[in-house]
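Model the placement of chain B with the ligand on the given structure of chain A, informed by the hints.
Protein chains in written order, with the working numbering: chain A, 19 to 403; chain B, -7 to 163.
Calculated directly from the structure, the hints in this document are not laboratory data. Just to be clear, a hint being listed does not mean it is correct.
[To be verified] When the alpha-carbon atoms are kept at most 25 angstroms apart in a straight line, the in silico BS3-like pairs for lysine-lysine are as follows:
hint, chain 1, residue 1, chain 2, residue 2
1, B, Lys(-4), A, Lys49
2, B, Lys161, B, Lys42
3, A, Lys248, B, Lys(-4)
These numbers come from a predicted model, not from an experiment.
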Amino acid sequence: MRKVAIVGAGMTKFVRRALETPKELAYEATKTALDSCDLRLEDIDCVAHGSAPDAFDGIHQKGEYLADGCGGWNKPTMRVYVGGGTGVHAIIHGWHHIASGMFDTCLVVCEEKMSSAMPHAQGFFLTIFDAITERSLHPNLLWIFALEMNRYMQRYGYTKEDMALVAVNNKRNGLKNPASQFKDEVTVEDVLNSEIMAYPVSRLDVSPVSDGAAAIVLAAEPVARRLTDKPIWIEGVGWTLDTAYWGTRDLYYPRYLDKAARMAYEMAGIREPAKQINIAEPYDPFGYKALHHMEGLQLSPRGKTVELLRDGHFALDGNLPMCPSGGLLGVGNPIAAAGTMKVCELFWQLRGEAGERQVPGNPRLGVAQAWGDLMQVSSVVVVGN
Amino acid sequence: MQEKVHVSGGTALSEQDVHSGEIFMTEDSLDCAFAWDTGVAINRYLTELKNGRIIATECRHCNRIMLPPRLFCELCFKPSSGWVYINDTGVVNTFSICHVHWDASRIKEGEKPYLPAVIEIDGASAGMGIMQLLGEVEPEKIKFGMKVKAVWKPENERTGSITDIKYFKPI
Ligand SMILES: [Zn+2]
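So here's chain A without its partners, still in its complex pose (with noise of 0.2 angstroms):
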């Protein structure tokens, strides 16, 4: 396998509506990241881009829809989608692209557009519970997070007190990144007082309804060196599928992304994550799950991670911070676009071009994580620099 390096990166702003299409918002992104290491679409050799669920947009296919706006015209163009996964996956899927000796050089493109969907995005994801067994219920999306909010607070005696700790962190993160969709703080206070959606889920504890995109350009080694004298290395890569029934695992622990962190780990030559990450970007679409996926990702002891969290260890100024971008709370959440905007965080913070909330003490090696599908599957990238 040969290495692989992100040389570029560009997003758009995250925004509850955006005056641009799907397409144009892609474009804009890409355009970003190829000026960003002074490439043109003409030096790019394929292209991986991703895009959630196609009912957001009502376009059918809507990959082959974007693949203009992510300079896919006559390359070799392929669409990964999993979910809320897709993001950090689709980059899994560039990486294999450069590795396997095939291309030099890709495009990673996520692009998510919710607001499109009339009345409201969350009412798609009734389709994604099982047509037989579960959707006559009538679900919402967030029952399933509320099922194992609750599991995950009860399991470990913490309280919802406990996991809104996470919005204030994560939203005072987002408050200096010029991509967020946010204006302002928010207090412990203001969380627990936040409309009770699914009890423990109140409205502050989730993440909001976004349009944008984000995008990175790989780079074989030798196009890399040629490229960049700072040239951020994907270490590891992970990704599993647990089962869609999804009733049948005990919710209070992220299976499935324990064993993508592994692989990722073992790729990278890491053998004690928790000392050796120095930055996390733990996939937050809900307050819990960021702790959640702290412990699928090794990075925290199960059952220790508010204790850690209370006592500043995630704080951007901490052992070891946690989504210094701010996160899908912080920054927005346009489903795909979310996970691969956290690859450009850590593309940003190990090269130290992370402005006001660069993280301090030159930074070396960075996680990233998205988490979708029925609550399925994990995909984890390790980035050094």
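Chain B with the ligand in isolation, oriented as in the chain A frame:
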């Protein structure tokens, strides 16, 4: 070295922009209809629900009683070994009190919240939970580990659907 631009595009539209008449929208509404065949294993499951019983499949290789029943065991990938009737009682593994409908619209004043739960049915292997609703219980009285029993629709109203069980109530 010149600092590169990280963020471009993503022009936020406000409610006013949308209603100003200067931003055009094209609207469409899809009405999609489907009729799903219920399959080899689930058809039997639904047949038994109509009879007021819960049936599971067994995998003798993995020593599992599997619910919902399935044609094959996803762990060892062998065909299921056979059918077993199990109880219509179980234990609440986790639950929620949900104030929104499936489409994210809010429940109305006076309307009862949904009470979804993962229920581990007695007789199935430990941890083989299914998603079902709770009923005949005050939301604040729901407990983890609470024992519950199925409340069935009257026989003549059952249609061979998971909704033949109205909900599970505490016992
Ligand atoms: Zn088996």
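Hint-by-hint comparison with the structure:
no.: 1; hint: B:Lys(-4) to A:Lys49; result: holds, 12 angstroms
no.: 2; hint: B:Lys161 to B:Lys42; result: holds, 19 angstroms
no.: 3; hint: A:Lys248 to B:Lys(-4); result: holds, 13 angstroms
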